[in-house]
Amino acid sequence: DTAVSQTPKYLVTQMGNDKSIKCEQNLGHDTMYWYKQDSKKFLKIMFSYNNKELIINETVPNRFSPKSPDKAHLNLHINSLELGDSAVYFCASSLADLSTDTQYFGPGTRLTVL
Amino acid sequence: AQSVTQLDSQVPVFEEAPVELRCNYSSSVSVYLFWYVQYPNQGLQLLLKYLSGSTLVKGINGFEAEFNKSQTSFHLRKPSVHISDTAEYFCAVRINQAGTALIFGKGTTLSVSS
Chain W
1 DTAVSQTPKY
11 LVTQMGNDKS
21 IKCEQNLGHD
31 TMYWYKQDSK
41 KFLKIMFSYN
51 NKELIINETV
61 PNRFSPKSPD
71 KAHLNLHINS
81 LELGDSAVYF
91 CASSLADLST
101 DTQYFGPGTR
111 LTVL
Chain L
1001 AQSVTQLDSQ
1011 VPVFEEAPVE
1021 LRCNYSSSVS
1031 VYLFWYVQYP
1041 NQGLQLLLKY
1051 LSGSTLVKGI
1061 NGFEAEFNKS
1071 QTSFHLRKPS
1081 VHISDTAEYF
1091 CAVRINQAGT
1101 ALIFGKGTTL
1111 SVSS
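Residue numbers (the numbering used here), protein chains in the order written: chain W, 1 to 114; chain L, 1001 to 1114.
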């Protein structure tokens, strides 16, 4: 049973293109996140949604737009891709309950911009 | 703001030796503490977490960590490592508010050789 899934796993594209990464969780969680892992493996939060509402929006170029059609999905759309967008993007989810709050991560999407 | 410092970027050890991966954090408010492991080309898996209670926390795969509030540390230990423990290890903190993002350290590469 896949808990947090992402598609695609690998994405290779040209500069200037627009692409989307999809994330789905079947854990019944109400909060979802996007993290970016750069080439030095540093992980940083990008966005967070709770019950389809944006609650965290870090300093990310507005070319990145998250969309949450329902509690189980959080997609990431990127416009006008740049070389610096190359990274691994991780989706995560959690239950907004302090007693058990643990974030579960998807397998990641490796984006390569040529 | 919170920050996490992992004091060692790389830790090489021989199989069956003990290991300690060091993590210090900074925060003006109470935080929860986590260790995640990332195997090559995979997502992040939770090893263990400290939310409250006993300061010695046991996790999966024989790992444990001790929360030391006075030293603001959360070091990860294993008494005897295996080749299969070779991976990237991330320490992370989060303020004790549901749904907030994890703040990660820069990671420690554990390399176990025979």
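Calculated directly from the structure, the hints in this document are not laboratory data. What you are looking at is a predicted structure, and each value in this text was computed from that prediction instead of being measured. One thing to keep in mind: the hints can contain errors.
To be verified - Computed list of lysine-lysine pairs in DSSO-like fashion (alpha-carbon distance at most 30 Å, straight line):
#	chain 1	residue 1	chain 2	residue 2
1	W	LYS52	L	LYS1049
2	W	LYS19	W	LYS71
3	L	LYS1049	W	LYS22
Claimed, not checked - Simulated restraints, written as ranges between beta carbons of each label pair:
#	chain 1	residue 1	chain 2	residue 2	range
4	W	THR102	L	GLU1016	45 to 55 Å
5	L	SER1084	W	SER80	35 to 45 Å
6	W	GLN14	L	LEU1056	45 to 55 Å
7	W	ARG63	L	GLN1097	20 to 30 Å
8	W	PRO69	L	ASN1096	43 to 53 Å
9	W	SER80	L	THR1055	20 to 30 Å
10	L	SER1114	W	SER80	41 to 51 Å
11	L	ALA1001	W	GLU82	21 to 31 Å
To be verified - Computed far set for chain W versus chain L, every beta-carbon distance over 10 Å:
#	residue
12	GLU24
13	ILE45
14	SER48
15	LYS52
16	ASN62
17	HIS73
18	ASP85
19	ALA92
20	THR102
21	GLN103
22	PHE105
23	THR112
Note that beta-carbon positions come from the ideal geometry of N, C-alpha and C, so glycine has one too.
The hints, checked one at a time:
| no. | hint | verdict |
| --- | --- | --- |
| 1 | W:LYS52 / L:LYS1049 | holds, 27 Å |
| 2 | W:LYS19 / W:LYS71 | holds, 22 Å |
| 3 | L:LYS1049 / W:LYS22 | holds, 28 Å |
| 4 | W:THR102 / L:GLU1016: 45 to 55 Å | violated, 30 Å |
| 5 | L:SER1084 / W:SER80: 35 to 45 Å | holds, 42 Å |
| 6 | W:GLN14 / L:LEU1056: 45 to 55 Å | holds, 52 Å |
| 7 | W:ARG63 / L:GLN1097: 20 to 30 Å | holds, 29 Å |
| 8 | W:PRO69 / L:ASN1096: 43 to 53 Å | violated, 30 Å |
| 9 | W:SER80 / L:THR1055: 20 to 30 Å | violated, 49 Å |
| 10 | L:SER1114 / W:SER80: 41 to 51 Å | holds, 48 Å |
| 11 | L:ALA1001 / W:GLU82: 21 to 31 Å | holds, 27 Å |
| 12 | GLU24 | holds, 14 Å |
| 13 | ILE45 | violated, 4 Å |
| 14 | SER48 | violated, 6 Å |
| 15 | LYS52 | holds, 13 Å |
| 16 | ASN62 | holds, 19 Å |
| 17 | HIS73 | holds, 17 Å |
| 18 | ASP85 | holds, 19 Å |
| 19 | ALA92 | violated, 8 Å |
| 20 | THR102 | violated, 6 Å |
| 21 | GLN103 | violated, 6 Å |
| 22 | PHE105 | violated, 4 Å |
| 23 | THR112 | holds, 14 Å |
Going down the numbered hints, you'll see the structure goes against 4, 8, 9, 13, 14, 19, 20, 21, 22, while the others check out.
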